[in-house]
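One point on numbering: in my numbering, the residue at position 69 of the sequence shown is 69, and numbering is uninterrupted.
Treat the hints with care, since some could be wrong.
To be verified - Derived EDC-like pairs (lysine to aspartate or glutamate); straight-line CA-CA distance at most 16 Å:
{"no.": "1", "residue 1": "28", "residue 2": "61"}
{"no.": "2", "residue 1": "46", "residue 2": "36"}
{"no.": "3", "residue 1": "28", "residue 2": "68"}
Unchecked claim - So the derived label-pair ranges between C-beta atoms look like this:
{"no.": "4", "residue 1": "64", "residue 2": "12", "range": "20 to 30 Å"}
{"no.": "5", "residue 1": "12", "residue 2": "85", "range": "16 to 26 Å"}
{"no.": "6", "residue 1": "86", "residue 2": "43", "range": "39 to 49 Å"}
{"no.": "7", "residue 1": "7", "residue 2": "54", "range": "30 to 40 Å"}
{"no.": "8", "residue 1": "36", "residue 2": "67", "range": "32 to 42 Å"}
{"no.": "9", "residue 1": "4", "residue 2": "86", "range": "21 to 31 Å"}
{"no.": "10", "residue 1": "10", "residue 2": "65", "range": "33 to 43 Å"}
{"no.": "11", "residue 1": "87", "residue 2": "46", "range": "12 to 22 Å"}
{"no.": "12", "residue 1": "67", "residue 2": "29", "range": "32 to 42 Å"}
{"no.": "13", "residue 1": "28", "residue 2": "73", "range": "30 to 40 Å"}
Simulated from the structure, these hints should not be mistaken for laboratory data.
All C-beta atoms in this analysis are idealised placements derived from N, C-alpha and C, irrespective of residue type, glycine included.
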Amino acid sequence: MIRAAVPAKGGGVIVLLGITPRNVEKLKDGDPMYLDLAELGAPGVKLTIIYGQTERAIMAELRAAGLELPAAAEDDIRAIEAEHRRRGTTP
1 MIRAAVPAKG GGVIVLLGIT PRNVEKLKDG DPMYLDLAEL GAPGVKLTII YGQTERAIMA
61 ELRAAGLELP AAAEDDIRAI EAEHRRRGTT P
């Protein structure tokens with residue numbers, strides 16, 4: 001994975017993460033990506049990237065691991081599922 005922080009036009013910073021098919025395969029195999037954004041100038045911020053077949057599956061896995069997400073995350077999932085229903089697509 002490539003990681004970088006670059007100045008954004010108009011101020012602020014853009015954090016770039018470049019992942020490869022190998023990274024995606026590792027994610028699919030249940031191997032999360034962990035990043036300490038202090039390396040990119042954001043001390044105290046840690047990022048974890050995980051993979052799941054659906055947002056609901058990811059939520060269930062996080063709960064099984066003992067992590068509780070804010071109620072807003074459930075609202076986001078409901079909105080995503082509603083959008084899939086509206087479009088007639090599979091989540």
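Structure-based check of each hint:
1. 28 x 61: Holds, at about 13 Å.
2. 46 x 36: Given pair residue 46, residue 36 holds - Cα atoms ~5 Å apart, limit 16 Å.
3. 28 x 68: Not OK: residue 28 and residue 68 at ~22 Å, beyond 16 Å, violated.
4. 64 x 12: 20 to 30 Å: Because 36 Å falls outside the window, the suggested range is violated.
5. 12 x 85: 16 to 26 Å: About 36 Å separates the Cβ atoms of residue 12 and residue 85, which means 16 to 26 Å is violated.
6. 86 x 43: 39 to 49 Å: At roughly 41 Å between Cβ atoms, residue 43 and residue 86 fall inside 39 to 49 Å, so the hint holds.
7. 7 x 54: 30 to 40 Å: Given range 30 to 40 Å: holds, Cβ gap about 36 Å.
8. 36 x 67: 32 to 42 Å: With a Cβ separation near 18 Å, residue 36 and residue 67 fall outside 32 to 42 Å, so the hint is violated.
9. 4 x 86: 21 to 31 Å: Roughly 37 Å apart at Cβ, these two residues miss the hinted range, so it is violated.
10. 10 x 65: 33 to 43 Å: Once the Cβ atoms are compared, 38 Å apart, the range 33 to 43 Å for residue 65 and residue 10 holds.
11. 87 x 46: 12 to 22 Å: With Cβ atoms ~34 Å apart, the hint is violated.
12. 67 x 29: 32 to 42 Å: At 20 Å between Cβs, range violated.
13. 28 x 73: 30 to 40 Å: Violated: the Cβ-Cβ distance is about 22 Å, outside 30 to 40 Å.
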